[in-house]
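Visitor: Protein sequence lines correspond, in order, to chains C and G.
The letter at position 57 of the first sequence is residue 57 when you use this note's numbering, and the numbering goes up by one with no holes.
Heads up, this note's numbering is the position in the second sequence plus 1000, with the first residue counted as 1.
FYI, nobody ran anything at the bench for these hints, they're computed from the structure.
Fair warning: there could be bad hints in the mix.
[Unchecked claim] Output of the computed footprint for chain C on chain G, the stretches with three or more beta carbons under 8 Å from beta carbons of chain C: (1) 1041-1052; (2) 1069-1079; (3) 1104-1112.
Every value quoted in this text rests on a predicted model; they were computed, and no experiment measured them.
Don't be surprised by glycine CBs; every beta carbon is placed ideally from N, CA and C.
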Amino acid sequence: AQSVTQPDIHITVSEGASLELRCNYSYGATPYLFWYVQSPGQGLQLLLKYFSGDTLVQGIKGFEAEFKRSQSSFNLRKPSVHWSDAAEYFCAVGAPEDTGKLIFGQGTTLQVKP
Amino acid sequence: NAGVTQTPKFQVLKTGQSMTLQCAQDMNHNSMYWYRQDPGMGLRLIYYSASEGTTDKGEVPNGYNVSRLNKREFSLRLESAAPSQTSVYFCASTPSSGNYGYTFGSGTRLTVV
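All chains, full assembly: derive it from the sequences and hints.
Guide: Here's what the structure looks like:
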């Protein structure tokens, strides 16, 4: 069965510092991989996705993620964090043969210090 | 604005009461989904509808029923609410079941006392 693990529940970084949020998945083949962001009281917004091809994918708001098959990971990065990036971030996995269902990780809450 | 609309935004129920959460999308999407979000557990799929006229169980369907009323609308019903169903509920839609371009609604915060 598919599963997604986000090892860090909370992360605090200073504004301007770099950010890396970890995501590990369990799946027999190469899944579809996603990162979503949720601001307080809001729905989820897609940051980026990986289906195939180049393992480094660019998303919105200056985020990028790298798919590493050998490590079953899809970590999210940003070179310089802004205060507006404070939110909850979810990694998700979808099976290519499935009916559009996503399996979400537990989420990582990002706090940004001024 | 185009998107997914959920009603109500907030609801408090007493144990044993019933209610229906409404979801409508105006993007002509074929597939629709209901998720619940609980602290530390991410989002878990309750039910989904790959296309109009079909519905299937997700990971946590017990205590819920759904209706795909038409292509636009996908409702979630709690027949006899329990405190364990206190959660934030999200509806989402995608153009088709093979397209993972989810659009999420803004959620319904449900408290069962």
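Visitor: Would you mind marking each hint as holding or not holding in the structure?
Guide: Verification of the supplied hints:
1. Restraint check on the stretch 1041-1052 of chain G versus chain C: 7 residues with Cβ-Cβ distances below 8 Å, three needed, restraint holds.
2. Residues of the stretch 1069-1079 of chain G lying with their CB closer than 8 Å to a CB of chain C number 0, which falls below the three-residue condition for coverage.
3. For a cut-off of 8 Å, the count of residues in the stretch 1104-1112 of chain G with a CB near a CB of chain C stands at 4, and the three-residue condition holds.
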